[in-house]
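J.: Line by line, the protein sequences give chains A and B. Under this note's numbering, think of the first position of the first sequence as 318, with each following residue one higher. Under this note's numbering, think of the first position of the second sequence as 33, with each following residue one higher.
It should be emphasised that the hints constitute simulated quantities derived from the structure, not laboratory data. Fair warning: there could be bad hints in the mix.
Derived EDC-like pairs (lysine to aspartate or glutamate); straight-line CA-CA distance at most 20 Å [stated by the list, open to error]:
#1 B:Lys97 - A:Asp375
#2 A:Lys351 - B:Glu80
#3 A:Lys358 - A:Asp390
#4 A:Lys480 - B:Glu99
#5 A:Lys666 - A:Asp534
#6 B:Lys97 - B:Glu80
#7 A:Lys866 - A:Glu816
#8 A:Lys425 - B:Glu99
#9 A:Lys598 - A:Asp616
#10 B:Lys52 - B:Asp82
#11 B:Lys221 - A:Glu696
#12 A:Lys449 - B:Glu99
#13 B:Lys221 - A:Glu692
#14 A:Lys976 - A:Glu948
#15 A:Lys732 - B:Glu80
#16 B:Lys229 - A:Glu742
#17 A:Lys690 - B:Glu112
#18 B:Lys229 - A:Asp683
#19 B:Lys245 - A:Glu437
#20 B:Lys229 - A:Asp687
#21 A:Lys684 - B:Glu233
#22 A:Lys480 - B:Glu112
#23 A:Lys497 - A:Glu517
#24 B:Lys229 - A:Glu692
Some chain B residues well away from chain A (every beta-carbon gap over 12 Å; in silico) [unchecked claim]:
#25 Val49
#26 Lys50
#27 Leu133
#28 Leu135
#29 Ser273
To give an idea of the chain A side of the interface with chain B (calculated C-beta under 8 Å), a few residues [as the list claims (entries may be wrong)]:
#30 Phe331
#31 Thr445
#32 Arg446
#33 Leu450
#34 Asn477
#35 Lys480
#36 Leu482
#37 Asn484
#38 Lys690
#39 Glu692
#40 Glu725
Cβ atoms here follow ideal geometry from the backbone N, Cα and C, with glycine treated the same way.
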Amino acid sequence: MIRQQAEIELKRIFDFNHFYDEQWETIDLLLQGKRVLLIEKTGFGKSLCFQFPATQFDGITVVFSPLIALMRDQVRGLKEKGIDARFINSEQSTEENKQTIQDAIDGKVKILYIAPERQENQEWIEATRRMKLSMIVIDEAHTISVWGHDFRPAFRRIINLVKLLPNELPVLATTATATKRVQEDIERQLSGDITTIRGELIRDNFELHVIKVTSEDEKLLWLAENLNSIEGTGIIYSGTRVNTEIYSRWLDFLNIKSTEYNAGLDSATRKDIELGLMANKWKAVISTNALGMGIDKPDIRFIIHTQIPASPIHYYQEIGRAGRDGKPTKLILFYNCSKDEKGIEEDYKLPKSFIDSGRPNIKSYDKVIDALKQEALGERQIMKATNLKQTQVRVIKADLIEQGIAKEVIYGSAKKYEYQFNAPELDTKSFDLLREQKLEELDSMVSYVNLETSRMKFLCDYLGDSSYSSNNNCDNTTLSKYPLDSKETIKSELVRFRETYFPVLEVESRYSKLINGVASSYYGVSNVGKTLHRCKYENGGDFPDYLLKLTLKAFRKRYGQELFDFIVYVPETESGDLVKNFAEKISGILGIPISHNLVKIGKTRPQKQLKNWILKKDNVSNIFNYTNPVEIAGKNILLIDDIFDSGATIQEIGSLLTKAGANRIAPLVIARTVGGDI
Amino acid sequence: MERELSYWLALAHAPKVKTKTKNGIILRLFEKGNSIIDFFHSDCESWERDYHLSEAEVQIFNDAKSELSNYAFIVEDLLEQGYNIIPITSKDYPQTLKNNLGLTNAPPLIYAKGNLQILQEQSIAIVGSRAANKTSLEFTDNIAKKASKEFKVVVSGFAKGVDKKALDSALKYEGQSIIVLPQGMSTFKSGYKTYYKQIVEGNVLIVSVFHPKAPWSVQLAMARNPIIYGLASEIYVAESSDKGGTWSGVVNGLQKGRTIFVREPKSGEKNANGLLIAKGCTPVDEFGEQSIYESSESARLFVSEQKSKMKNNTNSQTSLF
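Working from the sequences, and respecting the hints, build out all of it.
T.: Structural data, given as structure tokens:
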């Protein structure tokens with residue numbers, strides 16, 4: 318097919334008149350059955366490079382994409398053009414996915430989007446035997462490189478697949494962000510016979526700002542004073558889930574429309590938020606970096622980072638989602654440069670801790686290896702056998718598979734991990750190399766913060782595009798820096814917010830009469846955690862009165878005038894009667910009778926010694942008894958504990974009291990932990 | 033090599049094409065220094081001219097070619113789950129199998145899981161009825177014990193009776209064992225679980241020559257027997273009736289000129305062991321020793337024959353067969 322013919326088809330199907338030269342170059346190679354790596358900035362039109370040839374092939378084009386939102390958007394767009402596009406992912410029901418697979422086998426699908434994790438699914442593998450495959454596309458291809466900024470183990474299998482595909486099958490890998498090193502890694506992994514097409518990365522409409530602050534409060538204050546004066550709607554990226562919650566509550570408090578988004582939300586909620594973002598429902602969505610990749614919204618007007626990302630590549634990738642319409646767009650990065658007693662800058666700590674905790678220690682690896690030598694185990698079985706956190710088990714297992722020490726094998730419908738005969742020794746050198754690289758990247762991110770020259774030039778250079786030479790559109794060149802002087806009124810608002818903000822305990826389910834409870838504070842975010850630790854483990858005596866006051870405040874905010882029949886507290890722990898004494902004080906102040914009838918009937922290990930929720934759940938299972946269950950029937954109960962961690966204890970007591978006929982069980986605790994930081 | 037695997041599956045599982053034809057193609061590629069990829073990317077004319085394929089076979093290979101991408105998905109999944117895919121040109125492919133089955137019958141591709149080194153060891157097959165009597169099972173135990181002591185691998189077919197006994201005994205005496213499956217690799221789930229430790233420790237190797245997804249069937253069980261014989265340097269028959277898998281396997285082996293040891297039946301045993309001896313099998317006692325009326329001279333000859341066979345094995349590495 319020559320370009321002229323192709324552009325006639327392009328007009329007919331997609332209603333565009335012409336291809337860009339780089340688009341046609343890519344398409345031409347694919348039509349010849351070649352392999353191409355396409356590195357182009359967001360908004361270039363990478364998708365057309367596979368969508369168009371897909372319409373020209375006989376069979377089906379399979380697009381591996383990690384981005385569910387993108388799948389949804391693109392499939393909708395293609396369907397509107399009359400192209401048979403579908404997706405298979407966890408958002409659809411099993412039946413819907415099955416039907417899609419059947420349609421693909423029957424030749425009714427032209428373009429099929431699929432999550433890379435699906436390559437682990439036997440039904441899918443089985444189905445691929447009967448499909449007529451014409452092309453394979455790997456979207457967000459930087460994720461196949463461990464040197465990339467978002468390596469995903471599931472993509473390893475896609476690479477293996479591509480290596481095995483026949484020579485004449487066209488393969489396209491696309492990404493918006495790849496350094497030279499990542500580019501070479503992708504080329505190597507997808508086999509040598511690949512053509513790389515690289516475009517320019519500069520985004521002329523970006524206005525880049527860095528705001529250095531000396532406290533977390535300054536970030537909140539700046540937003541209170543400036544967010545409303547920024548045009549349009551946008552995204553605020555914050556480093557942790559807890560922070561998304563805190564920022565979102567603060568904006569609520571200020572009556573600025575916002576919502577929070579993170580990977581912990583269920584898929585229906587996430588979808589709603591994505592749609593709401595498209596419809597400009599909020600001034601800002603506050604999110605971890607889980608949001609935005611692949612969302613096809615042309616007019617995201619600002620992206621604010623409350624924490625620095627892990628590297629300039631991450632930063633470029635994350636801000637790349639904004640301003641696709643080419644209109645002026647603000648990209649603002651906060652950095653708290655106050656130093657702690659060791660001289661380390663506050664905002665350096667979070668990304669550094671991600672690097673430090675990225676890999677479990679070698680002992681943990683050995684634990685898993687030893688367990689797998691005995692028998693094939695599933696993920697949960699490994700957690701039980703090793704007392705490691707789920708996240709750690711996942712990292713270890715991915716590394717063991719990567720190094721050929723273990724394999725993931727399908728047993729019926731379950732996945733198990735098998736140790737391999739003649740497996741190599743664990744290679745820890747590669748871990749060290751990766752860690753060094755990540756530290757270097759983080760330091761480069763800090764360099765961006767401290768930069769005195771053109772910020773866009775810095776990013777382009779870093780990503781291997783040295784074609785950019787002008788110096789404008791940032792706070793170091795043509796734009797003025799944002800001031801940081803907030804009014805006293807706003808400052809006092811923040812104080813008021815701090816005193817009335819209490820974390821929610823999400824324990825509601827249809828299996829019990831528990832309602833979502835409340836904590837007076839996060840464990841690690843304030844000095845509450847330190848106080849609790851002193852009382853519990855350093856013989857510090859009863860919980861001090863300030864905790865009592867704070868907890869009562871939380872109670873009043875959450876439960877207001879609700880009536881309770883009596884208080885039940887979580888009985889005896891290794892720290893003695895602290896909770897009992899605390900509950901008695903609350904009982905006295907609120908005038909709610911206290912019951913001492915909840916007792917422990919077996920031995921438990923301290924929950925904090927158990928590192929994952931499966932063991933925590935097992936530890937407290939059937940361990941409580943209520944000695945006079947008749948008095949519970951139909952009653953509203955306030956359930957008191959000191960620390961809420963996995964929630965397993967509250968859940969266990971909740972289900973016990975529910976069985977005894979309780980009408981409503983409302984948890985009240987002093988502190989809620991963040992990611993098991995106890 | 034890994035890049036070729038999808039092509040190997042396409043060749044090996046091309047339906048209705050004789051093994052001899054498939055091996056003929058491989059042999060020709062081998063002699064010319066070409067790879068299987070070259071074969072699949074040649075045109076139909078070349079297939080007819082250079083590989084002497086019939087029109088029907090050309091059609092079949094055209095279909096196979098169009099399924100290469102599909103095979104890539106299967107291969108990726110198998111490798112990911114720790115299965116080995118061993119083409120006949122691989123150094124891991126057992127020389128014994130090639131020697132015993134030759135161009136006509138050696139499978140172009142085998143699948144394996146476990147310690148591949150086992151495929152290169154001296155090996156003994158112990159075969160017999162699924163409903164073998166006590167004496168036969170004791171015989172099986174004795175042979176497995178002897179084999180394990182002599183560091184020979186016991187090959188068996190994972191059926192009830194003699195097969196299962198051979199496997200269990202080999203492991204009991206800390207020997208090594210090959211299980212030849214009557215089904216595809218990915219349908220043997222409970223088996224992997226049962227022998228997990230032995231596989232991990234390198235004492236059991238699972239082998240199959242069928243399509244990985246093929247379920248157990250009588251036909252595959254029958255088709256598997258020649259593979260058991262083919263993988264073994266020595267064959268011992270514990271008990272055979274005058275029909276069925278063991279019988280036809282032994283008769284087939286005799287036709288190929290194999291030496292086959294049969295347990296000499298006790299008087300009153302209702303089986304066809306005596307009949308097999310009459311047909312030319314070598315009788316052995318309950319410990320697998322050749323019966324006393326065999327002269328020591330013939331035993332010596334036999335040993336030297338075995339040795340020269342082994343020598344041939346090592347010499348034949350440079351050619352494919």
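J.: Take the hints in turn and mark each one as holding or not.
T.: Status of each hint after checking the structure:
Distance hint between Lys97 (chain B) and Asp375 (chain A) is fulfilled; the C-alpha atoms sit about 16 Å from each other, no more than 20 Å. For a cut-off of 20 Å, the pair hint linking Lys351 (chain A) to Glu80 (chain B) is broken: about 28 Å separates their Cα positions. Between the alpha carbons of Lys358 (chain A) and Asp390 (chain A) the distance comes to roughly 18 Å, so the proposed pair stays at or under 20 Å and holds. Taking the CA atoms of Lys480 (chain A) and Glu99 (chain B), the gap is about 16 Å. The hint holds against a cut of 20 Å.
Annotation: proposed proximity of Lys666 (chain A) to Asp534 (chain A) holds, straight-line Cα distance about 17 Å (limit 20 Å). A hinted pair counts as satisfied when its Cα atoms are at most 20 Å apart, and Lys97 (chain B) with Glu80 (chain B) qualifies at roughly 16 Å. Only pairs whose Cα atoms come within 20 Å are accepted, and Lys866 (chain A) paired with Glu816 (chain A) is accepted, the gap being roughly 11 Å. A hinted pair counts as satisfied when its Cα atoms are at most 20 Å apart, and Lys425 (chain A) with Glu99 (chain B) qualifies at roughly 18 Å.
Distance check on the hinted pair: Lys598 (chain A) and Asp616 (chain A) sit about 13 Å apart at the alpha-carbon level, within 20 Å; holds. Between Lys52 (chain B) and Asp82 (chain B) the alpha-carbon distance is near 16 Å, which keeps this suggested pair within the 20 Å criterion. Of the supplied pair hints, the one linking Lys221 (chain B) and Glu696 (chain A) holds, its CA atoms being roughly 18 Å apart against a limit of 20 Å. At most 20 Å may separate the alpha-carbon atoms for a hinted pair to count; Lys449 (chain A) and Glu99 (chain B) meet this at roughly 8 Å.
Pair hint Lys221 (chain B) plus Glu692 (chain A) holds up; C-alpha atoms about 14 Å apart against a cutoff of 20 Å. At most 20 Å may separate the alpha-carbon atoms for a hinted pair to count; Lys976 (chain A) and Glu948 (chain A) meet this at roughly 13 Å. Annotation: proposed proximity of Lys732 (chain A) to Glu80 (chain B) is violated, straight-line Cα distance about 46 Å (limit 20 Å). At roughly 18 Å between alpha-carbon atoms, Lys229 (chain B) and Glu742 (chain A) fall within 20 Å of each other, so this suggested pair holds.
For the suggested pair Lys690 (chain A) and Glu112 (chain B), the alpha carbons sit about 18 Å apart, so the restraint of at most 20 Å is met. Of the pairs offered as hints, the one joining Lys229 (chain B) and Asp683 (chain A) holds, with about 18 Å between alpha carbons and a cut-off of 20 Å not exceeded. A threshold of 20 Å between alpha carbons decides the hint, and for Lys245 (chain B) with Glu437 (chain A) the separation of about 16 Å falls inside it, so the pair holds. A threshold of 20 Å between alpha carbons decides the hint, and for Lys229 (chain B) with Asp687 (chain A) the separation of about 12 Å falls inside it, so the pair holds.
At roughly 18 Å between alpha-carbon atoms, Lys684 (chain A) and Glu233 (chain B) fall within 20 Å of each other, so this suggested pair holds. For a cut-off of 20 Å, the pair hint linking Lys480 (chain A) to Glu112 (chain B) stands: about 13 Å separates their Cα positions. The hinted pair formed by Lys497 (chain A) and Glu517 (chain A) meets the criterion: a straight-line CA distance of about 13 Å does not exceed 20 Å. Of the pairs offered as hints, the one joining Lys229 (chain B) and Glu692 (chain A) holds, with about 7 Å between alpha carbons and a cut-off of 20 Å not exceeded.
No beta-carbon of chain A comes within 12 Å of the beta-carbon of Val49 (chain B); the shortest separation is about 19 Å. Against the 12 Å criterion, Lys50 (chain B) stays outside the reach of chain A, whose nearest CB is about 24 Å from its own CB. Leu133 (chain B), annotated as away from the interface, keeps every beta carbon of chain A farther than 12 Å; the closest lies near 26 Å. With a least beta-carbon separation of about 27 Å from chain A, Leu135 (chain B) lies farther than 12 Å from that chain, consistent with its non-interface assignment.
Interface exclusion of Ser273 (chain B) from chain A stands, the closest Cβ pair being 36 Å apart, more than 12 Å. Of the supplied interface hints, the one on Phe331 (chain A) is violated, with its beta-carbon coming no nearer than about 26 Å to a beta-carbon of chain B, more than 8 Å. With a least beta-carbon distance of about 4 Å to chain B, the hint placing Thr445 (chain A) at the interface is held under the 8 Å criterion. The interface hint given for Arg446 (chain A) is met, as the beta carbon of that residue sits about 5 Å from the closest beta carbon of chain B, less than 8 Å.
For Leu450 (chain A), the suggested interface contact is upheld, since its CB lies about 4 Å from the closest CB of chain B, less than 8 Å. Below 8 Å, beta-carbon pairs count as interface contacts, and Asn477 (chain A) has one with chain B at about 5 Å; its hint therefore holds. Taking 8 Å as the C-beta contact cut-off toward chain B, the hint placing Lys480 (chain A) at the interface holds, the least distance being around 6 Å. Taking 8 Å as the C-beta cut-off, the interface hint given for Leu482 (chain A) holds, the closest approach to chain B being about 5 Å.
Hint status for Asn484 (chain A) relative to chain B: holds, with the closest Cβ pair at about 7 Å, below 8 Å. A least Cβ separation of about 6 Å between Lys690 (chain A) and chain B falls short of the 8 Å threshold, and the interface hint therefore holds. Annotation: Glu692 (chain A) was flagged as interfacial toward chain B, and the flag holds, the nearest CB pair being 6 Å apart, inside 8 Å. At its closest, the beta carbon of Glu725 (chain A) sits 7 Å from a beta carbon of chain B; the interface hint therefore holds under the 8 Å criterion.
Against the hints set out earlier in the document, violations occur for numbers 2, 15 and 30.
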